[in-house]
Structures are given as structure tokens and as C-alpha cells.
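S.K.: Can you make the complete structure from the sequences, with help from the hints?
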Amino acid sequence: MKRRDFLKYIGAGVVGTGAGLAAAKIASPPGAKLIPYLIPPKDMIPGVATWYASVCRQCGAGCGILVKVLEGRAKKVEGNPLHPVNKGGLCARGQSGLQALYNPDRIVGPMKRSGDRGSGRYTPISWDEALKTVAGKLKGLSDDGNADKLWLVSSSERGHLGKLAEEFMSAYGSKNHIEYDLFQNKNLKYAGGVTVGTEDVPFYDIENTKYLLSFGADFASTWLSPVGLSHGYGQMRQGGGKKSKRGVLVQVEPRMSLTGANADKWVPARPGSEAILALAIAREILAKGYYRGSNAGAWKTLLAPYKLASASKATDVAAETISKIAYDLAKTTPSLVIGGDALSSYKDGISGQVAVNILNHLAGNIGRKGGVLINPERLLKAGKRAILKNQKMTRFIDASLAGNAKALIIDNTNPVFTIPKSSKIMQAIREVSFVVSFATFIDESSAMSDIILPTNTFYEDWGDDFTEPGVGMGVATIMQPAVAPVFKTKSRGDIYIALAKAQGGKLADKFDHGTFNKYLKKSWKKLYNSNKAMANSALTFTDFWNRLLENGGWWPKSTPRTRTRNVSVASVKNYLPKAAAKFEGDKSSYPLNLLVYPSTGMYDGRGANSPWLQEFPDTMTAVVWGSWVEINPKTAEKLKIKEGDTVSVSTPSGSIELPAHIYAAIRPDTIAIPIGQGHTQYGRIAKDRGANPLEILPFIEDKKSGELALNSTRASLSRKGRAKKGSDDSLVRAAANNFEYGRDYTKIISPAEFAKIGKEDV
Amino acid sequence: MRIRTLIICFIVLVVTVLIGYKLGDTYLTGRTPVQPIEFSHVIHAGDNGIPCQYCHIYAERSRHSGVPNVRKCMGCHNVIKTDSPEIKKLKKYWDDKEPIPWVKVHNLPDHVVYPHKRHIKAGLQCTECHGDVASMPRVSRVSSLKMGWCLSCHMEKKVENGRDCWTCHI
Ligand code: SF4
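These protein sequence lines are chains A and B, in that order. Residue 129 is where the first sequence starts when you use the numbering used here, and the numbers rise one by one after that. Residue 2 is where the second sequence starts when you use the numbering used here, and the numbers rise one by one after that.
I should point out that these hints are in silico values taken from the structure, not numbers from a laboratory. Warning: the hint list may mix true and false statements.
Sample of chain B residues facing chain A (criterion: CB under 10 angstroms; computed from the structure) [to be verified]:
id, residue
1, H65
2, W95
3, P100
4, V104
5, W167
6, I171
Per label pair, the in silico range of CB-to-CB distance [to be verified]:
id, chain 1, residue 1, chain 2, residue 2, range
7, B, C166, A, A863, 54 to 64 angstroms
8, A, E206, B, H57, 27 to 37 angstroms
9, B, I9, A, I163, 40 to 50 angstroms
10, B, S144, A, T670, 27 to 37 angstroms
By construction, the Cβ of each residue, glycine as well, lies at the ideal position given by its N, Cα and C atoms.
M.R.: Below you can see the structure in the form of C-alpha cells.
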């Protein structure tokens, strides 16, 4: 290198550094802009959060929430500490609601179909055009005198939105409104009607009970009101808040759930035999003379067939265990028996729930603190749509296949995903000439529609909820928008109103509410005027309404009133099972019982589009981002299946492939698959991930209650391939294995020993 | 041969500009970015004696001190000095309904939280961190905003939990 060149380089370097330094002094680094408001929104301080009280709609429990909003964006959700259902708690699904609001796959505006039905291909249109098209179709239908050929399948709504939809349908002239969700506790409700005379789900006072016998009720994950019941359970384990004895939990279920894992005793009864077990326990209570109520003789005669020895054989539970449960249940006061989805989901699931109530009656638990508390009638009475026989999906499927459905509205529910394929639900929807969806996402059901009207999420909407079950008293929760709609979406209520208006005539006259918000407020004023406790709670309606928004709802301050109800022999005698539940498929070709259960994160499948919930390790198996089939180690050994192998699960109704998880806490004659994955639509996160076990189930809808018998088939297993590490459908677990190699992390101590330890040692 | 020298010169220039920029940005105080409008704190806070919190209204109530919204500027400049070229720029932003893209002088990374509210409540003067803004025609950064700088003040003033990581990194 020449000296001159070297100097040139030095020169360039000096100039460059200088220029760099100078630039640093005046430059604006990317992203370092300070953008002011043009005109600031009212009542808002940047950096200071506003909390809005509302209601969680991630499942049917209706927990009260508080949404933290900063600069108009929802940032975090917490449980509302004032709310009597969840008392400040919130489950994982509730937390992840934000990912529904800000999901990248949300529908951003109205759309019309541009591909085949089910393809999910749509082109954007304006709200004007969308509403005009839908209203035009509906008007055409009713002008032709075919108003009764309009069908509405909506999610179950206990608040004024459900009432509005019902009013819409009746004003239009159609009786075909079905409220459908996969988990609606229909057998539980029906059995309540049979035994205690009300289909309203009672309040199970777990907090104050001393002995809890649960038949497959996974209240720690998904059943009924998981946050509220888990809170009660925590109290029960600590002696109900007072210095008294810690309550005992016995869980009867063939596959251990999270609740089962927490129990003092897990009783893996043979699938389908749980009702027999319950009645054998009942018979034992009578035979040993533990029953203190009336009509002991009649009960004895009724339950005579459920003998200890034969029941023990049918249920695969030792006779001593049955006697012991009977003794503990009857001799511990208060005690409580509950029956969950697993029990309800067999064929003739009503009988199981009836048996549970018989047990509660014989142990004297109905209407007792720490037992089953009958809820008072809800503030807003459930309309016709909530009558169980109106909610059957077979009504729609049969009607449509017979050509009696010309138009269909699918409102915020996903029957195509949650109803077994064998139901012909797809054909039924294809038969309908015009389908419109009110939806937030393109899921399996909305993908079948011709027009999609995008709806607000519950963080952007007005509404209310009259919780079922209440907490021994009525609970009303208000839903208020925490944020303005992120996209061009509308309130579901406003859509009904707009559709009515656009059709003109009488329908429009009846729906002169203006907006859903106005309708809601008007309806609440009516409630307020007719309810003494409400009218006394505040001075004027305006004060009352403001307090409602502030507290997140309305509930009396009193403690639940207890009302005793007797279960009579006459009422239940037609609901007792003769034998254990039957299963589809013969034993030789389908040797295993197949159980499906709502996964803690995905619930009925609605959680699958949230990365947080996908990432959240399953509470029992620690699996993330996928689905699996649980196989007992013995069964797996026999079939030469290893952890992570791809297996095919076949039933008479079809087969799916998914990875195997070797799970010791399940009966060897049973396999289990979580519900929630295996979406074919529903956005980039959910789509094509795992398998949907509902696809291979027989379609059995209970004739009386309408509950789907999900656990009603046998299955066979065969290995398809060895575990593939790192492939897309391999099994990924957040725990490497289940062993601690003698490192003694987990301390095990019996309750009796635990009771002896002084507080200071803990 | 000349071409080669030129190319090397060019490369050296580019590399050193980047190095210089990084050095300046990291170690030198006195960052004085050019702003979209030549707003002068000397005229506003100095000559006219407008208190800081007249415009930065959230300082006492929030972690952010707040940049005045454009309507606030126009509140005065609808009538005051409307023919000045800088005010004409302001008017154009307002008419276009565009916020003014000010350049940050104090730019903290995302993992630090600096609450204005707490510091004002503790009785600190704005000038203790921001310098004598009232005499700056174009605002410069006078403090390094490095962790050591924060901590030395926290320690000197014996701030409760002032050395705790979680006090700032929350
Ligand atoms: S249980 Fe969970 S998902 Fe259901 S309402 Fe409560 S917080 Fe929401």
C-alpha cells in the first residue's frame, strides 16, 4: 500500500467518524418518534389504566372480569374480586381472551362467499350491501309465506341478547331457534327437573362440604363453573375457611382428570357403569340403615336390584370400597355428590345424573349448607329457546334434509366442529339455500355460509349474563365495551335490529330499539322497576345503572337461602338404568372404550386459535401445541405402542390419526382423547393441528334432553408409525418425562399426618 | 489503481460513519435532533414563562409527561404569530389532521420504566434531568440516561428500594 493511499484512508476514516458523530447528534433513530394526539380522547391519561368491569365469555360459567385498558387498548384481564361466582379468580381461557380480541385471523369486515361452501374463500363487501342482501333474502322468504323455514342456531345466551334473538325470530314468524353449544349440561338440567322439580342448575356448595363424591366432574378444569368451584374446593381443603376438618374428595372416573389427580381417592370404575355404582352406594346407605328420611321402605324396594356383589362386578370396584363410600357419604355431614360431563356423556346419561341426585337425597344433602342448594328463579327468565327439547340439533338436521330449511343464521357457535360427522350436519347445511353467519372468525361453521357479518368480541360489546348456576342466589353480570371495535365489526344485537329494520313493515316497527345498547338499558329499567331489592339498592335508575357498570353486575348481598326439596320414589323410578351404559361397536373388533373430554385450554375447541392456550401445557400430560390419545402402559405394551408413536384410532364411525401418550392414570380397557384440536378452519394457529375426536363419534342425541352422548363408542388402536422427533405432528411435552430419578422433589404426606403437623412447620 | 483506492476510501467512510454514529448515540450527551417544526422552548418556557406542566399535562398524573396535542398548540396559534413560517407548518399539520411527528430526545429502551409522576411527587424539578430547557432553542439531551446515572441519583437521595432491579425494570 502506498503511503499516500494510507493517508487517504485515514482521512476518510476521520471524516466518516466525524460525520457519524454529527449525525448521531441530530438524527432521529428509527422508531423514536413522539406522536401526539391531534385531539385527545376525553377521560384518558396516557400511561394510566382504566379498568372496565365486564363478563368473560370464554366458556359458559360467566365469570366477572376487569379489563385493563391503556390508551384505548385492552392489555390485561383479571377476575372481578366483587363478583360472587369467581371472586377475583380467572382461568387460563379467561386470561387468553385478549388473543381473541387481537387475533390476526379475525374477520375485519363483512364478506361474501367466493369459493365453495366450506372452502373459507370470501371477498370483502360493505356493511350496506351485506345487510341489504341478508335482509332481502329474509324478506323474500317471508313474502313467499316461508317464514317458518328460517332457522337460527346460536350460542346459548342467558342475557338480553338471547331474548332479542328470540323476539326477532318470533316477530319474523319462525319457531326455529336453537341454542347450541357442545357443553350445555343438558342431562344435568333434565335430571334436576325429574328429581327436584327445576331444570335450573343448582349451586354445589363445595366450600362448606366435608365429603365430596364426584362422578367424573372435572371442576378443576372445565366443568360447570371451574373458577368458582375450584375456589370452593380450595376453601373446603382448608376446612371451609374456619378451623374445622378438611374435606375429603373422592373422584370416580375411568380416566384421571386434574380433579381426580387432586382427590384423596380415585375410583376408576368401568366406563358406563358409574350410574350402577351410584345406585349400589345408595342401596348400601339404605341397607345399613344410614338413611334418616321418610319412605325408607319404598326406596329400599326401588333400589333392591343394585346389589353389592353384582354392582361390584359390573363396575369393577371392590365391594368394600362401595360400602366405605356409602358409610362416609352418609355419616359425614354435610356431604355432596356431583356428576360431571363424563357421567352425562354416556348413552342414557340422564340416569347417571338422576342417580347422583338420589344419593344427595339419601345423604340428606339437598337444600343443606355444604350440599346442593337450589337456586332461586333467575332474574331474567329463560325463554322458549332454552327449553331442552327446543335445543336439539336433530330438529334442524331433520328439517333441512326434508327440505324445510330455506335460510339459516349461525350466530357465534360452531356446530360443524362440535357435532359428530355422522350426524350429517354438513349435508344439512348444504341443503339450505341461504346461510348467513354472525361470526368473529372463519371457523368450520361460518365457512359454510354465503355471507359473513363480523361481530364484536365480548370486549367490544354490550350485553349481560344471568349466571347459571347462580351461587344460591341470582347473579346478573353486565358486559360493557372495554375497547372500541378494532375492526369493522358490529354488535350481535345491533345486527338483529338492523336486519329487522331493513325488512320494513311490522318487523321493523317491533324493532324500533335504535341500538342494542338502548334496548339493553330499557330492559334493565324494566327489571329495576319490577325488582324490590334493586329499587332499594340505589336512588334512581341512573345511579343504579352506573353502579351496575362500576361493579360489573348486580347480586344481592345476602347469603344463599336454603330450601329443602325431597326426591320422591315415584319421580325417579322410570329413570333408573337396568344395566351399565351400552357402547357402539362390538367388543371383538373394537376392544377399547373411547372417552373424549374438554381440554383445559381448548374447551370445546374455541381456545385453539390462541397461541397462549396452545403453549399452555395440558394440566395432566404437559403436552403443548397438539393433540394425543392417552393409553394405559399395559395396553400400549400389548399393542407395541411407544410414547409419541402415531396411532390410528378407529370406531364404527371413522378413524383419526394422532400421537400416543402413555398415561398410567387411565384404565387399561379405556383410551381418552381431548377435544379441541383438529380444526380445518379457524385461522392459522388452530388450522391443521392435531385431530378432532368428535369426528369419529356416533351421533347420539338424547331423545329427552338433547345432550350428545359423546362417550358412547368403542374403538380400536393400531400403530401407524414410530415417533418422529421434530416433525409437525409429533408429540411435544413441556415435561421430559414423569420421573424424578430419586431426587425427591415431590413430598408425599397423608392427610392424617398432615393434620398432625403444627402450622409453624409448614 | 485509483478506482481501488476510491472503493476502499468509500468502505472506510461507510464503516466509520456507522461507528461514529453508534459512539455518539451511546456515549455523548447533547443529542439534539432536528424537529419537524423548529419549536423553541426559549420563546415558550423562557421569554413567556409558560410552566412546563401547562403543556406536558400528564407529568404529575402518569408515567408519561405527555406531548401537547395539536389542538393545544392551535389553541394559541390560531391567533398568535400566524404568519411565521414555522406556525404555517403547524397549521398545515392541523389542517391535514396529521399529528406532528416529533423526534424523541429522550429515548429509553422498553425494559426500563421511568414514571414521571413519582419523580414529580418526590419534589424533583424537571430541570434536574432535562436541563435548562427554557434556554434551549432546540432541545438537547443533557443527561446520559444510563443506568449508572439513574442509580447515582437514587443513592444520593437515599430513595427507598432505589437500588432494587424491580424499581425500574418492571
Ligand atoms: S371459567 Fe374461565 S373461561 Fe369460563 S367464564 Fe370463567 S374465566 Fe372465563
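S.K.: A separate judgement is required for each hint: does it hold in the structure or not?
M.R.: A quick look at each hint next to the structure:
1. Of the supplied interface hints, the one on H65 of chain B holds, with its beta-carbon coming within about 4 angstroms of a beta-carbon of chain A, less than 10 angstroms.
2. For the restraint placing W95 of chain B at the interface with chain A, the shortest Cβ-Cβ distance is roughly 8 angstroms, inside the 10 angstroms limit, so the hint holds.
3. For the restraint placing P100 of chain B at the interface with chain A, the shortest Cβ-Cβ distance is roughly 5 angstroms, inside the 10 angstroms limit, so the hint holds.
4. A least Cβ separation of about 4 angstroms between V104 of chain B and chain A falls short of the 10 angstroms threshold, and the interface hint therefore holds.
5. For the restraint placing W167 of chain B at the interface with chain A, the shortest Cβ-Cβ distance is roughly 18 angstroms, beyond the 10 angstroms limit, so the hint is violated.
6. Checking I171 of chain B against chain A by beta carbon gives a least distance of about 13 angstroms; that is not within 10 angstroms, so the hint is violated.
7. A hinted range of 54 to 64 angstroms for the beta carbons of C166 of chain B and A863 of chain A is inconsistent with their spacing of about 30 angstroms.
8. Taking the beta carbon of each, E206 of chain A and H57 of chain B are about 31 angstroms apart, inside 27 to 37 angstroms as hinted.
9. Hint check: I9 of chain B to I163 of chain A, Cβ distance near 42 angstroms, so the stated range 40 to 50 angstroms holds.
10. Take S144 of chain B and T670 of chain A: their Cβ atoms lie about 50 angstroms apart, and the range 27 to 37 angstroms is violated.
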